[in-house]
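Undergrad: Listed here are the chains, written in short residue letters.
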Amino acid sequence: MIDTIHAVQTPEGVDLALPVAGPAPRALAYALDLLIQSVGLSSVQTVLFSAGQSGFAIGLYLIAGFLVNWFYPVLFEVLSHGQTPGKRIVGLRVVHEDGTPVAWSASVLRNFLMVADFLPLLYLAGITSMCVDASFRRLGDLAAGTLVVHAERPTRKLRAKRLELQERPLPPPFALTLDEQGAVIAFAERAPFLSSARAAELAAIPAALTGADEPRARLLSIAAWLLGHA
Amino acid sequence: MKLAAFEAQGRARWDRLSALLDALELGKPGAEGVPVAELPALYRHVCNDLALARDRQLSTALVGELNELALRGHQLLYQARTGRGASLAAFLVSDFPRAVRREWRLVLLCHLLFYSLALGIGALAYRSPDLIYSFIDEPGVERMERMYEPDHGLVTKGRGAEEDAAMFGFYVWNNVSIAFRTFASGLAFGVGTLASLAYNALDLGLIAGHLIRKGAAQPFLGFVIAHGAFELTAMLLSGVAGMRLGLALVAPGPRTRLAALRASARESLPMIAGAALMLVIAAGIEAFWSPRRLPAALKLGVGASLWLLVATWLGVAGRVSGD
Numbered sequence: 000m001i002d003t004i005h006a007v008q009t010p011e012g013v014d015l016a017l018p019v020a021g022p023a024p025r026a027l028a029y030a031l032d033l034l035i036q037s038v039g040l041s042s043v044q045t046v047l048f049s050a051g052q053s054g055f056a057i058g059l060y061l062i063a064g065f066l067v068n069w070f071y072p073v074l075f076e077v078l079s080h081g082q083t084p085g086k087r088i089v090g091l092r093v094v095h096e097d098g099t100p101v102a103w104s105a106s107v108l109r110n111f112l113m114v115a116d117f118l119p120l121l122y123l124a125g126i127t128s129m130c131v132d133a134s135f136r137r138l139g140d141l142a143a144g145t146l147v148v149h150a151e152r153p154t155r156k157l158r159a160k161r162l163e164l165q166e167r168p169l170p171p172p173f174a175l176t177l178d179e180q181g182a183v184i185a186f187a188e189r190a191p192f193l194s195s196a197r198a199a200e201l202a203a204i205p206a207a208l209t210g211a212d213e214p215r216a217r218l219l220s221i222a223a224w225l226l227g228h229a
Numbered sequence: 000m001k002l003a004a005f006e007a008q009g010r011a012r013w014d015r016l017s018a019l020l021d022a023l024e025l026g027k028p029g030a031e032g033v034p035v036a037e038l039p040a041l042y043r044h045v046c047n048d049l050a051l052a053r054d055r056q057l058s059t060a061l062v063g064e065l066n067e068l069a070l071r072g073h074q075l076l077y078q079a080r081t082g083r084g085a086s087l088a089a090f091l092v093s094d095f096p097r098a099v100r101r102e103w104r105l106v107l108l109c110h111l112l113f114y115s116l117a118l119g120i121g122a123l124a125y126r127s128p129d130l131i132y133s134f135i136d137e138p139g140v141e142r143m144e145r146m147y148e149p150d151h152g153l154v155t156k157g158r159g160a161e162e163d164a165a166m167f168g169f170y171v172w173n174n175v176s177i178a179f180r181t182f183a184s185g186l187a188f189g190v191g192t193l194a195s196l197a198y199n200a201l202d203l204g205l206i207a208g209h210l211i212r213k214g215a216a217q218p219f220l221g222f223v224i225a226h227g228a229f230e231l232t233a234m235l236l237s238g239v240a241g242m243r244l245g246l247a248l249v250a251p252g253p254r255t256r257l258a259a260l261r262a263s264a265r266e267s268l269p270m271i272a273g274a275a276l277m278l279v280i281a282a283g284i285e286a287f288w289s290p291r292r293l294p295a296a297l298k299l300g301v302g303a304s305l306w307l308l309v310a311t312w313l314g315v316a317g318r319v320s321g322d
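If you're matching them up, the sequences are chains A and B in order.
Note that numbering that gives the first Met the number 0 has the first sequence beginning at 0, numbered continuously upward.
Note that numbering that gives the first Met the number 0 has the second sequence beginning at 0, numbered continuously upward.
In isolation and in its complexed conformation, chain A is listed as follows (with noise of 0.2 Å):
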């Protein structure tokens, strides 16, 4: 399947799919924590200097800047499961890149050489990069071995509704390959989110399977069949 799934094999020897997060919802996540640093600076500004302006308030302003400015994402992301707010917004999280949570030293150095990605302008190195990789690495993570993921699943719409397939189940008329027979079950978990037009014309395609009339039904019957419905 073409997807964008960056697989990491676990010492059980089981690979597990990681979803890779493209340059959009990052981008968005950026921008969120960008906001909510500004806002955050932005308070402290109003506290610190709710008495007057005083040098001392400047300096504890200054260091406060800077250690936002620095230290924010990595902060979020060692401490709180691999997400800026942005991110957890969003639906990302940081992971180093055999699926573990991201470690200090790891964020400490994506987000460090984000300096890098910036150049020459606007980031155009580092959307470059996420562009030619397939895990969507930027410079930073490329250096650190990290991988931003989606933290929700996609599969999770599909198992909300639980597949209960209301055909009398069918044997197919010959026997089908493992790949055959996978193909025959995605789809009937999909047929629910299809438009029924859509949904007939899918199960038309395997036409020496479904046969000529209905075949949309026909292929439920099949994939009940084979997931051992009785």
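Rather than coming from a laboratory, the hints here were simulated on the basis of the structure.
Just so it is clear, the structure is predicted and the values come from calculations on it, not from any experiment.
Worth double-checking, as some hints may not be accurate.
[Claimed, not checked] Derived Cβ-Cβ restraints for the label pairs, each shown as a range: (1) 50/B / 199/A: 34 to 40 Å; (2) 123/A / 8/B: 38 to 44 Å; (3) 130/A / 77/B: 27 to 33 Å; (4) 50/A / 307/B: 39 to 45 Å; (5) 203/A / 18/B: 40 to 46 Å; (6) 29/B / 203/A: 49 to 55 Å.
Glycine included, C-beta positions come from ideal geometry on N, C-alpha and C.
Dock chain B against the given chain A, drawing on the hints supplied.
TA: Relative to the frame of chain A, chain B by itself:
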């Protein structure tokens, strides 16, 4: 095995793991009826189920569900140990100086390049009075000259405690940010780092050469010598860290460029962290000590001993036999 049978067999186990993960992710010690000690066994069993379900093409939805359970279990089970042996004192006394010495060739090279450029441009600025105006505008030069006037400049008059505090904040914000950017721009094949170092060398050489020509050598030197020990060295170390990134891409050696970059990035972390700490110390000295009105001999003496201290610290601290 058909999906329905497979699900009937595994459902209880998946629900138990799911409940346990929900609880652990919220920071609870375990779920109702599922102690945390069961996590490894449940997780490995679900990995097994996932491999079976995927191999038999059972159902995209089920494979997705099992994949998510395994992913969450993996995240909890295989966390990096953070804070292992990480103490600031150990870092300052041994890890950081050793990281600097490991890169002694680059450290030496960066120092040579930086100071020869600064000296060269300083000599030029000393001999030709107009050179500085090609880089800094007239009001800027005047402001600077006033700061170091022998009789009533900043160094002889001093400034208030409030202004010192504001300047401390400014130095931390400005200098540490510059160091981080100098490091990160090394990713552009080292060009960004070299440009940043060259710019700072030019700046330092021009101003020093010009002020010495104007007869303000003593107030200038008295102001910069103390914090310079930490500030200039830290700037150069951030440059070394940046050059490591750049060199990994230019000359990766027997590794791929990506692998070399990753190794260099990891190894340059202690260097950049140490440089940041040194710059915070430098900011403290520059804000609270450098502008004090004190006898020149004392200021120069303290400054010289700080240079000696930095050199000894980075050169000797944390040395073990065979190091």
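Undergrad: So, for every hint listed, does it hold in this structure?
TA: Each hint tested on the structure:
1. 50/B / 199/A: 34 to 40 Å: Taking Cβ atoms as reference, residue 50/B and residue 199/A lie about 35 Å apart, which means the hint holds.
2. 123/A / 8/B: 38 to 44 Å: violated, 53 Å
3. 130/A / 77/B: 27 to 33 Å: holds, 31 Å
4. 50/A / 307/B: 39 to 45 Å: holds, 43 Å
5. 203/A / 18/B: 40 to 46 Å: Given range 40 to 46 Å: holds, Cβ gap about 43 Å.
6. 29/B / 203/A: 49 to 55 Å: Holds - the Cβ-Cβ distance for residue 29/B and residue 203/A, about 52 Å, lies within 49 to 55 Å.
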